[in-house]
Amino acid sequence: MRFEYFNWLLSVLTHRRAAQLWFLCVVLSLLSILLTLPYKTFDTSIMALLPEEQSTQRESVRLAKRQLTDSASTRMLFLVVDNDRENSITAAENFTRALRRSELFNNIVAEQTVDNAVKWQRFYHDYRYGLLTPEAQALLRKEDASALVSRAVARLYSPMAASVAPDIQSDPLQLFFDWQMYAPPKTPLSINDNWLTRKTKQDGKEVYYRMVSAELTQSPFDMSYQQAVFMAIQRGKDNLPPSSDVITSGILKHAAYGAELAKREVSTIGLGSLAGVTLLLLYVFRRVRYLLLAFLPIVVGCTFAFAVTNAVFAQLHIITLAFGASLVGVAIDYSLHFLCAQREPSNHYCGSFRASARRTLVLIFPGLFLGLVSSILAYAAQGIAPFPGLRQMALFSVCGLLGAWLTVVSWFPWLPFREVKQSENREMPAFIIQGITRLLLRWPTIDVWPVRAGLLAVFFLAVLGVSQIDVDDGILRLQTSPVELLAEDRKIQQLTGDISGSQFFVISGNNAEQVLQHAEAFMPSLQELVEAGALYDFQSIARVLPSLQSQQQNIVLQSEKVYINDGLLFDFLDAIGTPQLLDDFNRTFAGARQQLLTFEDWSQHDVSQPLRPLWLGEIDGISHMIVTLAGIEDRDTVASLATLAEQHAHVEFVDNVAALEAVLTYHRQQFQLWLFAAYGIVFLILSWRYTRQAWRIVAAPGLASLITLAVFGALGIPLNIFNLLALLLVLGIGLDASIFLRESRRSPHTWVAVTLSSLTTVMAFGFLALSETPVLHQFGITVLVSLAGIWVLTPCFVDKPEQELANT
Amino acid sequence: MNKTTCKIWLLALLLIGAPLSAEQFEGDVLAERVQAIVQVSENVQGSFTQKKFIEVLPHPLRSSGEFAFSRDGGLLWKTLEPIASELHFNHLGISQQVDGETLWAIDPNQPITVALTQVLTGILSSNWEVLQEYFVLAGSIEEGRWSVQLTPKELSWSTVIDRLQVKGGGVVESIVMFEPNQERTEINLDVTYADSH
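Heads up: the protein sequence lines correspond to chains E and L, in order.
First residue of the first sequence? That's 333 in the working numbering, and the numbers climb one at a time after it.
First residue of the second sequence? That's 7 in the working numbering, and the numbers climb one at a time after it.
No wet-lab data here; the hints were simulated from the structure.
Check before you lean on any hint, since a few could be wrong.
The list that follows gives simulated cross-link-like pairs (lysine-lysine, DSBU-like), each with its CA atoms no further than 30 Å apart [to be verified]:
no.	chain 1	residue 1	chain 2	residue 2
1	L	Lys84	E	Lys474
2	E	Lys518	L	Lys173
3	E	Lys518	L	Lys84
4	L	Lys173	L	Lys84
5	E	Lys451	E	Lys518
6	E	Lys537	E	Lys893
7	E	Lys518	E	Lys531
8	E	Lys537	L	Lys159
9	E	Lys518	E	Lys537
10	E	Lys451	L	Lys173
11	L	Lys159	E	Lys531
12	E	Lys518	E	Lys533
13	E	Lys569	E	Lys531
14	L	Lys159	L	Lys84
15	L	Lys57	E	Lys533
16	E	Lys518	E	Lys595
17	L	Lys173	L	Lys57
18	L	Lys159	E	Lys569
19	L	Lys57	L	Lys159
20	E	Lys569	E	Lys537
21	E	Lys569	E	Lys823
Let the sequences and hints guide you as you build the complete structure.
Written out as structure tokens, the structure reads:
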């Protein structure tokens, strides 16, 4: 770019109007933050970070996912545990009372009443002749169905009769009883002392887990609600016998942890960087005033960024905040360059601050501008992939950098600082400048052949290291929640046989009836997997609501095989010595046989409540329902489930984990290409200004990135998309150093600025590397290693005009 | 009647009544007393006769057979008459075999399975401690003979069992299961072997 353009742009930006306009912008940002922040919620879910739904994904699958997530995120599950039976009951009662008293929950399910079982039985009793287990259906279809009679008679003559045949006239062959045992989803919990209980053995002693579940009345991401819920849980725990404990699972727990983590990370990363930068600046510039100059752009930049992000996104993600905090170390670069350049001897830094500021800006503007462009491009590139969390982070960073930069360029010339006297000119300790000058003079450059050979060797070694690198696109590595919380979730899942939300089936049809028919056709294959032990169980509406077609077939089967003159009913009554009752029993059947259970009747009754979320309803004229799975044994089972879906029309298998991992892999591969492309594009842009020397600018970030990858390869740290994104960032930030050093013709003052800015950036990313959030940690560590490399390598590549150096 | 006469009458009544009525107990005390008479056994064998009274049937359903309980293997209930069938109650649930073929099985987490298995194995092995976990006990003991009424604590069981009446001496002799629909199952046991420990 020609100098005239730079000068024109600078004159526009440093105009009084520009400063006023920017001031207005900042005041508005501040106002909008103050007005909306109290209502803001923080998103911590890993899902928000991961790619948005693929546009190719069908609406039904998207809706299914949302429905499962919604019903999971509004529910909390508690297991009150004690190895004393009485204690566990008291504990569960006290805990439930505390939850009820808090009035923070709806629909608390705790002690069981007999109502549910009775209600269930009563509801289905009227439709009993249409309800048959697949086994009974198969037996009735056989020529010889006498096995049904012998088992019914045998059970009637056993001590089981009371439970199996409570009403001999309405269910003589106990087929309705069998169906009642078959239809409800399997669960490792049983009712014990009127509590849903899981009993396990530990060191030969019985351990009682009493289950309590509750629905949230507000969003699990609402921080004040989280606090209230935690207080209620704590109060509940305070009332327990000392031997009892409560384990909890639910999105809210993770969300609350995430919010807490966000606060902690923002303060460690933010305050850590701030403290480091402050000390560094005080050491180098020795005046508090310069601290103000250095920090003003950051504060303004972050305010602007926060306001824009706040306005664009409904929820702020923890990643944005933590990453935003690390921006301190990057955004300070513009002030640093300004402050260092102001001290250039050629800048005659004395007289009016404003005049000096203008002179300084003219001097550094091309570098400042290119630095901004490269950094903005690098940060904006983070938002290319459809990862909502990253997009937010990219927007925040771009706005933050732009804000900081605008503050330096348009406000600094107008700051009301007093005149600078000649005597104040050398606040920067002389030894720093001298030390840096000496260092720069001695620094090996690529123009000497041994260095060239050395760098070539490093290059080949790095390439060798890179070839060793592994990739890992697993989402488990990205999990934000700590191991203990996840372990607690897993424990609850194991104990309650809870269903998996990440793998399920979506079954479709033209209407409810057809969906149920398709589900019925599919169920036997699933049942086979259950019987083979590959699957614990599955939940399907079709199990508690057979299709009308199937109910009709069941009634026909019974009327042809059981309730006819010489049918199975006669054999049964004959076996128990009362053939004379045949007519009575037949009449009972005739009176009730027309009753069919319709989807509407079922869905409007309370009994359907637990399974209702599985019904997706109509989407574009097609009806859908979900079949969920519990206790998937291993990856092989997942593969067989996928194959099953392929074999059945109207059945789709959704594997969230695999889909997400595939998306991560896809984007990682894309970013590999992007990274190369970015280097190519940057090279082309730089060629415009630096012609054949452009390679010297990109060489340092390029080689440093290679070395970083090689280090990862050597240490066996697998690579994922976030490392690549970080390398893109490295290119953006790393270019600054080369550009400034080149623009200033290796001026020691610039090298001080570059060193300072590298140090502040390293500090920021160093703190980011300490983050407990895996994604941030990966960003931090990648940028940290690369920037250290860049600082060492940059002077090697920037050519050395000996004359000018000698003059300094 | 003056006050003194009243007292005398009362005393007389008590004196007459005392030797006639057996001692009444409840809960822990009853369990302990019964336990003292009949020991917890790890292996019990014997034969049974069962009468199931069903309202709509003109006569009770009679059956007979053998049973064998062992702490590790669970309970085998073997009906020999009128039709041969075997019921196994153990940690795998309940399964039913007719002519060596499994006709029916139910998993161990079904409330019905838990209830029946606990009731039958608890009674047959005379493990009153276990029974007390699931039932409220009340009963009487007289001259080494006892009679205990068991009412389920678990509400979900009360749809199947209203109450149980168990009687015996050194061993369990009879069980009557009263069901909510006015029906009942009477089982008479003849224990031929019971180890004590």
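Against the structure, the hints come out as follows:
1. Lys84(L) <-> Lys474(E): Holds, at about 28 Å.
2. Lys518(E) <-> Lys173(L): Not satisfied, since the Cα-Cα distance of roughly 37 Å exceeds 30 Å.
3. Lys518(E) <-> Lys84(L): Answer holds: lysine 518(E) to lysine 84(L) is near 29 Å, not above 30 Å.
4. Lys173(L) <-> Lys84(L): Between lysine 173(L) and lysine 84(L) the Cα gap is close to 22 Å, so the pair holds against 30 Å.
5. Lys451(E) <-> Lys518(E): With Cα atoms ~19 Å apart, lysine 451(E) and lysine 518(E) stay inside 30 Å; holds.
6. Lys537(E) <-> Lys893(E): 51 Å, violated
7. Lys518(E) <-> Lys531(E): The given pair, whose Cα atoms are some 16 Å apart, holds under the 30 Å limit.
8. Lys537(E) <-> Lys159(L): Distance ~22 Å between lysine 537(E) and lysine 159(L) Cα, so the pair holds.
9. Lys518(E) <-> Lys537(E): Roughly 25 Å between the alpha carbons, so the hint for lysine 518(E) and lysine 537(E) holds.
10. Lys451(E) <-> Lys173(L): Given pair lysine 451(E), lysine 173(L) is violated - Cα atoms ~35 Å apart, limit 30 Å.
11. Lys159(L) <-> Lys531(E): 17 Å, holds
12. Lys518(E) <-> Lys533(E): 21 Å, holds
13. Lys569(E) <-> Lys531(E): 21 Å, holds
14. Lys159(L) <-> Lys84(L): Within the cut-off at roughly 29 Å; holds.
15. Lys57(L) <-> Lys533(E): 38 Å, violated
16. Lys518(E) <-> Lys595(E): 42 Å, violated
17. Lys173(L) <-> Lys57(L): This hinted pair holds, its Cα atoms lying about 16 Å apart.
18. Lys159(L) <-> Lys569(E): 27 Å, holds
19. Lys57(L) <-> Lys159(L): 26 Å, holds
20. Lys569(E) <-> Lys537(E): Judged against 30 Å, a Cα distance of about 23 Å means the pair holds.
21. Lys569(E) <-> Lys823(E): 19 Å, holds
This entry does not satisfy hints 2, 6, 10, 15 and 16, going by the numbered hints stated previously.
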